[in-house]
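Novice: Fit chains R and P to the supplied structure of chain F, relying on the hints for placement.
Top line first, the protein sequences correspond to chains F, R and P.
Its first residue numbered 38, the first sequence is counted upward by one per residue in the numbering used here.
Its first residue numbered 161, the second sequence is counted upward by one per residue in the numbering used here.
Its first residue numbered 437, the third sequence is counted upward by one per residue in the numbering used here.
Do not take every clue at face value.
As the list claims (entries may be wrong) - With the C-beta cut set under 10 Å, the calculated list includes, among others, these residues of chain F facing chain R: (1) C380; (2) K382; (3) I396; (4) D415; (5) F425.
Said to hold, decoys possible - Partial list, computed: chain P residues near chain R (C-beta under 10 Å): (6) S502; (7) T506; (8) F507; (9) T509; (10) K674.
It should be emphasised that the hints constitute simulated quantities derived from the structure, not laboratory data.
Glycine residues also receive a C-beta, built at the ideal position from the N, C-alpha and C atoms.
This is what each chain is made of:
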Amino acid sequence: MANPLTPVLTTRWTEPKSWTIETYERTGGYTALPKALKAHPDQLIQQCKDSGLRGRGGAGFPTGMKWGFIPQGDGKPHYLVINADEGEPGTCKDIPLMMADPHSLIEGVIITSYAIRANFAAIYVRGEVLHCIRRLNAAVREAYAKGYLGKDILGSGFDLDVVIHAGAGAYICGEETALLDSLEGRRGQPRLKPPFPATSGLYASPTVVNNVETIASVPFIVNGGSDWFREMGRDRSPGPKIYSLSGHVTNPGQYEAPMGTTLRQLLDMAGGMKDGIPLKFWTPGGSSTPLFTAEHLDVPLDFEGAAEAGSMLGTTALQIFNETVSVPWAVMKWTEFYKHESCGKCTPCREGTYWLVQILQRMVAGNGTASDIDTLLDVCDNILGRSFCALGDGAVSPITSGIKYFKDEFLALCDTNSKVLAGANA
Amino acid sequence: MTIAPDKPTAEVAVPEGHVKLIIDGVEVIAPKGELLIRTAERLGTVIPRFCDHPLLEPAGACRQCLVEVEMGGRPMPKPQASCTMTVADGMVVKTQLTSPVADKAQQGVMELLLINHPLDCPICDKGGECPLQNQAIAHGRSDSRFHEHKRTFPKPINISTQVLLDRERCVLCQRCTRFSAQIAGDPFIELLERGAQQQIGTAQEKPFQSYFSGNTIQICPVGALTSAAYRFRARPFDLVSTPSVCEHCSSGCAERTDWRRGKVQRKLAGDDPQVNEEWICDKGRFAFRYATTADRIKRPLVRDEETGELRESSWTEALQVAAAGLAAARDANGVGVLTGGRLTVEDAYAYSKFARIALRTNDIDFRARPHSAEELEFLSGTTVFTDPDNGVTFQGIEKAPAALLVAFEPEEEAPIVFLRLRKAARKGTKVFHLGQFTTPAVEKTLGTLLACVPGAEANALNALPEHASDVVDLLGKPGAVILVGERAAEIPGAFTAVAKLAERTGAKVAWIPRRAGERGALAVGAVPNLLPGGRHVANASARTEVERTWGVEEGTIPATPGRDTTGILEAAANGELSGLVVGGVDPFDLPDPALAEKALAQAGFIVSLELRPSAVTAHAHVVLPIAPAVEKAGSYLNWEGRRREFGTTLEGTGALPDCRVLDTLAVEMDADLFTQTPAASAADLARLGEGASSGSSLNVAAPLQSPAGAGKAVLATWHRLIGNGSLQVDEPHLAGTARPVVAKVSETTAQQFGLESGGYVTVATERGAITLPVETDDLPEGVIWLPTNSGDVTVRATLGAGHGSIVSVSGGKS
Amino acid sequence: MTHAKEETTFDQSTVDRAQAIIARYPQSRSALLPMLHLVQSVEGYVSQDGIRFCAGQLDLAEAEVSAVATFYTMYKRRPCGEHLVSVCTNTLCAALGGDDIYATLKSHLGVGHEETAGEPGTPGSITLEHAECLAACDLGPVLQVNYEFYDNQTPDKALGLVKALQSGEKPAPTRGAPLTDFKQAELQLAGFFEGRDSDLDGPSAAPETLRGAQIAKDRGWDAPKMPANAEFPALPEKK
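Pulled out of the complex, with its shape left as it was, chain F reads as follows (with noise of 0.2 Å):
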């Protein structure tokens, strides 16, 4: 069994100067590359799938299975993109990773594109976190003087170029195909699958697209191995995962435990609530995954655990909210995002959430009536599953999830027309 947390991908984090390759190379970074360049490609795509890491960008796609999927022999360039577009509410473990120890993710997309046959990685970074762009240049700038980028690296004869790709301010290029298109100098729009990227992704050749945290474990589960990944977390979601607690609590910050690890446990490491006022709602992975009430503090939050009791386990961004808080005005808020952040690809995400924002302000308002709870239900099955990307769905989850677990709130919006419990009180 192993300990409540299990720092890997957070273990370099409290070095002195941890993002600088001297330290990382000190600390037992780039020891992996060197495995790894030996053993044939298909060893690491293999020892991935036996590790049973899953996506850490929320949906826990196989990334073994994920890599298995790009063609080889076909004859075109195949590409590696790391989706570093971190902007999902609540989440924010992409960022202090790549600012604390961007080498663990150099090394990683250095394995992974020597695994899939890439000669050219992007890593596509939102643009607004300038200090984490300015550490992976610097980190990229730093492994090619080091021979771990560009031509024959380490003598292995294989090639790999990387570009540090500053995104613009778009919540839906986090969206893979969105990321694509983005990163081919396009709007960011989602685009059509079949096909899929595996086949068509970056100029229409081969791509995998990996989040961040997902592609900095590859080098431990080099340097470890599939059975150790495994002794952390569960059978089908194995391995350490970062949990961000952050809102109400005591302690909030990122904490590194095995998956599976619940609620519970989490907020009794950070020092519980804050000023001891009562957990009313929080979301296990973001602000597209369904809400959970204290009910939800025993939920084994990965994978399975967390879509079993109704949710997802998403980003594991743990956005914790106390009694203080009205969920009509929290849900507002969150559709006022997804408003903003609609690409306007598709109808029902487009106009659904302008409708949605403007029932819920009108609610929040004091100037809402029971119908409008029908009707908001209505719009959000008219969106879930009807729109072109996953987007749409994730807009519906705070309405859906909160009107099922706080509708009485909703309701009393109606009864009083009174803006009473509006708005936050913290």
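Specialist: Showing chains R and P alone in chain F's frame:
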């Protein structure tokens, strides 16, 4: 496609490349790769849609066409967009007809589309033919639950002089942007902004200048895009729609002409997969008011002996005067016939027959543009015998491994050929342009420019095996094509070189003239050396065959080839011809307008068949009004050799087709044409059938190029699609979308002549000078390009020059 | 294809930088997003001239560039101030006080979203915006100045910060490099860091960031020990 019967009696065999699936309980066999929405449609089930268009790549954006799908016995968790999902074996599909989930999904999307849609149907041009309106009535809710604020935009925006955009009506289906990017290659309208503020727009000060912009109006599923020409003019349900064929270029596009109270209100693209698919160019769509100009000639005119002015007359008088004058001229030194390039087959045939039996001459030529004997040899030996079965076709271009374009500007001269080339190129056809610079068409056909000095094209073709063997190799692949344009007639040796290259590679050759009537005129013998059906006039048995079929005396048709256009004009100018019969010819399109002027001034007797006053009517002794295309029936032979028949759109206007006028005139001259109506003319022509090719002997050598000399450059020139053409009068909105009138030179040439990009250049000959802005581009050195007839730039009228002429070049305004 | 040269405010060094961006990618159009950041580093926003510049460098239609420039919130339509102040008002930060911070700054500066107090580009001019989630939720409420983080803000702290900025001071961010200005930040977003190596040492490890790692260290919790020589699996057989 096969639709299985309702109760299959036996297991239906699935043909190779097909799959079997079930839609709404009915078993269907469909070709692999077919989109569900189309399969359902073939079954008679229309799934509502907005973004879907069969000729555009699937987008899946509007989400209106959601259906339920089951694969391998497992229902897919979400409804699927039937416009993006392809059929698969064993698939079970439930549309709105059988699935409450699909029905609700569709109703939900419809409601969302309508929340921000204005309720301005009563004043919207699309009202009555609006897919949104129709589908909202068929599939939408009867009331609205939306009580919030609708999105509004200041309305409308002129995205070009012709196209207006009402953003609040837009449902963001992206048909217009996808058309512009994918089909036309003109990404000048784009999605701007994001989310609920997303809208269609252009870059600032960069209007939607595309030759194909009108198609976006036609495929817009709402009233967001409208044309300045049609906006607020009519209601669709008050219009009569008549199928028609475009009279502008040689493609022969299928069109639909919508009219009301004797007046054409608009033209739309017809659907003809073999020719124009569902697209037409803006000239074909918007240029039709030439037929209703204030100065249209509606009554016959006879030149008054006393005043010397034309005066209105009766048909009887005009025909008598014309017949008497022509008979006298015929019996003096003879009469030449210039027909112009815009006639229908039926009308051109009447001219051809009129020349032979009423005027007893072979002095007839349809080529109201630069022409050559070499060209005539090529056309009469080869082109006249090609047809869609044995020659190049639109669909053949699409399948060609390679296309070599010689002296041909597809986007300017035959825009629908350009669209097909672009479509082909996007699927892998290699396109080579033998021309002078990287035109937009070169870029948009993903093409390769083979640049040469104007006039050196033949040399360049002859040198291909040596310098570009890859091109020759590609042309050797089955299906490869060579497309030759009208200015090849200005290039000595060009047709000879093309024929040689075709022989060497086996590539098929198509001649693609600019005007709608040229192929037809060639086929019916409106040329000096051919009788109808490609029969050579010098061939005695061919002559006899024609004379017998026509029921005229043997020997009526002169045995020697007649004069060509320039020959006729020269003869008229120096008295060797006594009269002229002139169809729709603009003398300023001729290689030497000064010669034409002189001929018109000198000719003893001129009969002009015309729509509007012109330089010809100014000299004519008799002017006989004729019907524009919209007021008559007939057919064009397009460049493929495909007959494009059309009926009369506006009946009973009293305007007569040329064939009828000539028939009556011939009667006055004791000759019977049997062309009283287009149908009679066509029937008379059909009795002749086809002649046999006597082959061609092309051996014009490519000339040696000599340097242009100090202060001189070689002129490259061709017509632009939108310019000063006589059929584009009275269309200010269309004119506003013309490309800027500029000269082009290379940077080195600019330096050599002291020209500044963005400054002015003066181009001169002994005849005159033209000053216009100059831009640099990738032309060969010592070459300057001018549009032939755009705005103030009238190369033939002002300079008396053409492609390959030597001109003087100097900087600044003269 | 070359066309008539158009007037531009972009000098040769900007052209060189634009070309350097293009050289980073297998296909040139990928350079568009960084190039628009580059344009902002020159003009403080994306002007029509900037759109023309990018279209010219990448051989795109101006409409294609406009389509991209108007999609992303970081590309500004109007000239920005010396500093861009972005206040997170997404749900969690808002609940912790982000809305109040934004309201405070709005009232102090007398401007609204994406508006500028002071003459854009002049010292002390400030463009204010409310931002969506900035991925620093454990440090909320957060705001950014020129995309450097100021964590755990309150209305008072934020007000003090903005007043300092207005008076020409450049208070250090809690995470990030010493402040410069909006244009300099945009230059770095375009990927140009020359002569600014010391920026890297700007702090990043807030206590919150290190919380878990520190607790684990303190309590002696670590991940399972790795085997000395982890073996790769056998090469899978080709299917």
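Novice: Can you list which hints this structure breaks, lowest number first?
Specialist: Number 10 only.
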